[in-house]
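Using the sequences and the hints given, assemble the complete structure.
In the order they appear, the protein sequences are chains A and B.
Under the working numbering, the residue at position 190 of the first sequence is numbered 190, and the numbers go up by one with no gaps.
Here the working numbering runs 1000 ahead of the position in the second sequence, where the first position is 1.
FYI, nobody ran anything at the bench for these hints, they're computed from the structure.
Keep in mind that the hints are not guaranteed to be accurate.
Subject to a maximum C-alpha distance of 27 angstroms in a straight line, what follows is the list of computed DSS-like cross-link-like pairs (lysine-lysine) [what the hints assert, rightly or not]: (1) K38/A x K1025/B; (2) K1182/B x K139/A; (3) K1167/B x K1157/B; (4) K1157/B x K139/A; (5) K1182/B x K1167/B; (6) K1182/B x K1157/B; (7) K109/A x K1157/B; (8) K1167/B x K139/A.
Because the structure is a prediction, the values reported are computed rather than measured.
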Amino acid sequence: MSEEKKEGPGAATATAPKETPIIEVDGHVGHTLEPDYKRLPIGPDHILYPVVVGLALFPILMGDAGHHLADDMPDEDTHPFFPDHFWPYPIIAIVMLIAVGLLSAYVQKNLQLEPSADPRAVTIPRPDWYFLFLFQFLKLGNEFVFSIGIGTVVIILLLIFPFLDSALGPRVAKRLGWKKWPVPGRNIITGSIFVGSLVIIALLELWALAGPQFCVPWFVNSPVCGA
Amino acid sequence: MAIPHPREIQLAVVNWLDERYPFTKAVDEALYQRVPNFANAFYYCFGGMVFILIVFQLLTGILLALYYVPDASGNPAPAYTSVNFIQNSVYLGWLIRGVHFWGANLLIIMVLLHMARVYWTGSYRAPRELNWIVGVTMLFLILALALTGYLLPWDTKAYFATEVTIKITAGVPIAPVATLIKELLQGGPVVGPPTLQRFFTLHVFVLPALIVLFMYVHFRFIRAHGIAQPM
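Next up, the structure:
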């Protein structure tokens, strides 16, 4: 192999030492970095190097990488972050920007202002879609129990779910005679809870969307109408 | 004296940095870190999409703040007229406001999809429980941003929706606590100019700062633990 001096953009990468450094974290020896010949020829002398540095700053600022799963996987089961893993994101960003731009241009209904706020006006508000199911849910019983009571319980359950899953899950699995406690995607109990919650939210949302003319007899506050 | 080529200047800067800090090594390690192939699945992009949308929201929010006047006194209030001005008179104001509005809707969808993916694949399991808590907190922060942002146009819909929200939040049966919550949110006996001032402060200063802080913690955890394998 000749060690001739190269010039022009990317020369710094092209003439870099052939031995690639190894990522070492807490004494763990992981993968070798992507060999030079596989990298994009964007070395320290390339006009695009500041862009690359800008990208790298993000993980650098996020602190040292720990021992990752990829460190223990064969090379063929992994790929480098840049550009292989990174490239879809700029495209996604542009697609999303175009999507919201088109929505802004063509779906003006929700963007148009109503008359200026006037406390004397009589209006029955209808919340945005993400609070609509909650709005409907509150009509189903005592306002305090259904808003503060159940709301607080759901929030706490959501926050501590990983601990509940790891503490209670194996016990339930043992009682059911299962070998292990699978993740919700493969677990009839936690999976059904998830799907069931989605169904309830969807039904409440549809109920609210059906409008104030759509009323259903209910145990409390009967009948309950849409929003 | 010959003017140096920009490439030589750049190289000199990089060399200068390298002498003081392993700059190129850090950049290389950050860029060429290995990522498991399973992370290429489309549903692993939801988290990145949330990040991109939060950046959109911050940028468009800054642009909107250039024209928005958080003053609800009078009828029509300056808050209302400023939003009307952004929507109808400012160059591309309608687009910036539209991107902010629809971006917020898309953001909530993406956060929910991301959470559903994390739940479904068991990515919340040890050692990532704390990151789950950070993520759930961010969901509530985003919903709080949506809620506080709703009042800012100061139109009839925003006014009455906020009135209902405050009524529900202050629905605690203990009277002093209910009064305190109502007073804190409203800043007076009814929804009025102090309420807008408070919601504006929360929407523009407090909640975005918290979101950025929590995002930083979220990413630090991801960097420390790596991408979770679907189990």
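Report task. Starting from the hint list further up, note which numbers the structure goes against and sort them upward. Result -> none
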